[in-house]
Amino acid sequence: MSQLTQEAITGSAARGSGYRAWRRVTPYFGVLPFLTLATLFLLWPTISVMTGAFQDSKGHFTFTSVHDVWTSSTHLAIFKNTLLLSGETALIGAILGALLSYAVATGKPDGILRRIWVSATGVLAQFGGVMLAFGFVATFGFNGFITTFVKSFAPHSFFANPSWLYGITGLAFVYCFFQIPLMFIVFLPAIDNLRPNWREASDSLGGSTWEYWRRVGIPVLTPSFLGSSLLLFANAFSAYATAASLISQGSIITPLEISGSLSSETGLANAATAKALSFGMVAVVVVVMALYTLLRRKVSKWEKS
Amino acid sequence: MSSVAVQLNDIAKSFGPVKALAGLTLEIKEGELVALLGPSGCGKTTALRALAGLQDLDRGQILVGGKDITFQAANHRGMGMVFQAYSLFPHMSAQENVEYGLKLKAHKVSAEDRRKKSSELLELVGLSTHAGHYPHQMSGGQQQRVALARALAIEPKVLLLDEPLSALDAKVRIQLRDEIRRIQLEVGTTTLFVTHDQEEALGIADRVGVMRDGVLQQIAVPQELYDRPTSAFVAEFVGLTNPIRGTVSGSTVSILGSQIATLPGSVTSGEGTALVRPESIRVEADPSGSAKVVTSSFLGSVCRSIVDLADGTRITAQSASSQASVLRAGTSVRVTLDTPAVFVKSL
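Respectively, the protein sequence lines represent chains A and B. Going by this note's numbering, the residue at position 292 of the first sequence is 292; the numbering climbs one at a time, nothing skipped. Going by this note's numbering, the residue at position 142 of the second sequence is 142; the numbering climbs one at a time, nothing skipped.
Hints in this document: simulated from the structure, not taken from any laboratory. For each residue, glycine too, the CB sits at the ideal point set by N, CA and C. There could be a bad hint or two in this list.
[As the list claims (entries may be wrong)] Pairwise CB distance ranges (calculated):
{"hint": "1", "chain 1": "A", "residue 1": "Lys-108", "chain 2": "B", "residue 2": "Asn-9", "range": "29 to 35 Å"}
{"hint": "2", "chain 1": "A", "residue 1": "Gly-107", "chain 2": "B", "residue 2": "Ala-73", "range": "54 to 60 Å"}
{"hint": "3", "chain 1": "A", "residue 1": "Leu-84", "chain 2": "B", "residue 2": "Ser-40", "range": "54 to 60 Å"}
{"hint": "4", "chain 1": "B", "residue 1": "Thr-25", "chain 2": "A", "residue 2": "Lys-108", "range": "33 to 39 Å"}
{"hint": "5", "chain 1": "A", "residue 1": "Thr-26", "chain 2": "B", "residue 2": "Ser-301", "range": "50 to 56 Å"}
{"hint": "6", "chain 1": "B", "residue 1": "Asp-113", "chain 2": "A", "residue 2": "Pro-109", "range": "40 to 46 Å"}
{"hint": "7", "chain 1": "B", "residue 1": "His-76", "chain 2": "A", "residue 2": "Ser-119", "range": "41 to 47 Å"}
{"hint": "8", "chain 1": "A", "residue 1": "Pro-196", "chain 2": "B", "residue 2": "Ser-258", "range": "50 to 56 Å"}
[Unchecked claim] Stretch by stretch, here's where chain A covers chain B in the computed footprint (C-beta under 8 Å, at least three residues):
{"hint": "9", "segment": "69 to 83"}
{"hint": "10", "segment": "87 to 94"}
{"hint": "11", "segment": "103 to 113"}
{"hint": "12", "segment": "299 to 313"}
[What the hints assert, rightly or not] The calculated lysine to aspartate or glutamate pairs, modelled on EDC-like cross-linking and capped at a C-alpha distance of 16 Å, are:
{"hint": "13", "chain 1": "B", "residue 1": "Lys-171", "chain 2": "B", "residue 2": "Asp-197"}
{"hint": "14", "chain 1": "B", "residue 1": "Lys-105", "chain 2": "A", "residue 2": "Glu-88"}
{"hint": "15", "chain 1": "B", "residue 1": "Lys-103", "chain 2": "A", "residue 2": "Glu-211"}
{"hint": "16", "chain 1": "B", "residue 1": "Lys-108", "chain 2": "A", "residue 2": "Glu-211"}
{"hint": "17", "chain 1": "B", "residue 1": "Lys-67", "chain 2": "B", "residue 2": "Glu-27"}
{"hint": "18", "chain 1": "B", "residue 1": "Lys-108", "chain 2": "B", "residue 2": "Glu-96"}
{"hint": "19", "chain 1": "B", "residue 1": "Lys-29", "chain 2": "B", "residue 2": "Asp-311"}
{"hint": "20", "chain 1": "B", "residue 1": "Lys-292", "chain 2": "B", "residue 2": "Asp-311"}
{"hint": "21", "chain 1": "B", "residue 1": "Lys-105", "chain 2": "B", "residue 2": "Glu-155"}
Let the sequences and hints guide you as you build the complete structure.
As structure tokens, this is what we get:
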């Protein structure tokens, strides 16, 4: 009898531990869709690019593609263009977006202006690609309405000759169209987190407006500003569709060059070159994201206080 | 405590249709700690913010040390302020926070003096070992201590405390309340303390002002405010009261078979409701008593009993804890009053 009881207890305990283990595991099922998505569309392509950059056409390990690409002055110049374009648009987008965020944040928190602006920027930040490029071509292109209008009274002015639109300057101009709204979206929470009583504490301690911004406001916002700028940099660095729609001839930035290497109309397609170029881009994005994570960590500590 | 340090003369402020301050007049003496007490929305925080220069006024005048500062900007007033919400600068250590005011143009001192002063103040608030800690590394109580040290660093003309303890848990709140009082007495800074917690106000202040609807109802030393309220609102807001019906004749009221003097401001004739403190009611076990104990709770130092009187009125009485074993539920008791005077409001 006692043996039976003992078995019943042992059996029940075993079932109990199995149930507890099941309870521990089940919450992770919710993450499965995310993990699947991340594996299929982020991890697998990245690994494919990283390994492909070091393989020849027969799949053997080689440094040739990476060496050839990263010692070529042409590739390096285009890579430098891409970095400069990303840096410039990140800087312009960050400054203008931050000012815009501040202007909106100082208004009523539930005001109509803020609600409309937040909704609008949510759309505009994702408005890159063919539609955006077409919008600029129709406005500032060779037969764009502004070009036509300006030509009629100032034929020698900057806007009368729209060739700038199809180069780096044009790309920078167009990229700002989604960079500024993106900065607005990611930086607005940081501005909202500036507590009114920090300003009041500074005032009561004798601080002027300038002293508050110099010693409190700007230092508190700096990590968020830099982090947001890095996001903008990565956003511009990896942008492809807008540039591809605007610039049909030549590869002036690395994403266009990668596309050209994968599907050349002149039979010069070279997947190894594309992967070697992508390897460089992945490396830059990894560095940018690592810096972003460090800055976020700093800000999240401050948010706890 | 002699000369008047702060004078608020008939100050008023409305937010749309809401009158936050409706002609508040208040004087605070040099080195005095005055607490403004009142329910939410009574205007106490608006009054403090107006004194700090963080809130403009519709009417009235503010004088500090005899000087009219009504229209002076907040950063020229020389007030130290501790806020309800934690307000330390998150990117600065405790020491850097304390030094903040001393780095500003208004109070600038040398780096050496700054360091010396901040160390002294951190020592004063008991956080000398936390000088290098950042706000996210400190508890709420520690953050408020640093905020107090930061406010004191500029040697303010007036220290303003805007419900500084309300975000803290009960134990830390009592500890820090006593600390604030100790430090205030040590430093001697004129202080205005705003709170909705009566125990906090009575426990810390030289005088307590009770506010309602933007005006001061009564200001007095804690004992007087508690024992001799001048209005029904003050009597009921500060401490517990039992409303007991009685008959007023001149300056006395007849309740529970006793004749008790009425406080100034009470009704002077006819039926009224006397507001009697629980500790003014004596409950004694008596088999022939007409009242009955409903429940009795032992609260450590005292015993609190709920008693039904013969006419059905339910009252709360407080007696020595030794009575707890005697005053059990259902016990017949005799109820008498032990107070020199009570406030009586109209029915």
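Cross-check of the supplied hints:
1. A:Lys-108 / B:Asn-9: 29 to 35 Å: holds (33 Å)
2. A:Gly-107 / B:Ala-73: 54 to 60 Å: Violated, since Gly-107 of chain A and Ala-73 of chain B (Cβ atoms, about 23 Å apart) do not stay within the stated range.
3. A:Leu-84 / B:Ser-40: 54 to 60 Å: holds (57 Å)
4. B:Thr-25 / A:Lys-108: 33 to 39 Å: Given a distance of about 34 Å, which is inside 33 to 39 Å, the answer is holds.
5. A:Thr-26 / B:Ser-301: 50 to 56 Å: Holds: the Cβ-Cβ distance is about 51 Å, inside 50 to 56 Å.
6. B:Asp-113 / A:Pro-109: 40 to 46 Å: holds (42 Å)
7. B:His-76 / A:Ser-119: 41 to 47 Å: Because 42 Å falls inside the window, the suggested range holds.
8. A:Pro-196 / B:Ser-258: 50 to 56 Å: Since Pro-196 of chain A and Ser-258 of chain B have Cβ atoms about 55 Å apart, the given range 50 to 56 Å holds.
9. 69 to 83: It holds, with 10 qualifying residues against the three required.
10. 87 to 94: holds (count 5)
11. 103 to 113: holds (count 5)
12. 299 to 313: violated (count 0)
13. B:Lys-171 / B:Asp-197: Holds, at about 14 Å.
14. B:Lys-105 / A:Glu-88: Not OK: Lys-105 of chain B and Glu-88 of chain A at ~37 Å, beyond 16 Å, violated.
15. B:Lys-103 / A:Glu-211: holds (10 Å)
16. B:Lys-108 / A:Glu-211: The hint holds at about 12 Å.
17. B:Lys-67 / B:Glu-27: holds (14 Å)
18. B:Lys-108 / B:Glu-96: Holds, at roughly 14 Å.
19. B:Lys-29 / B:Asp-311: violated (48 Å)
20. B:Lys-292 / B:Asp-311: The given pair, whose Cα atoms are some 11 Å apart, holds under the 16 Å limit.
21. B:Lys-105 / B:Glu-155: Within the cut-off at roughly 15 Å; holds.
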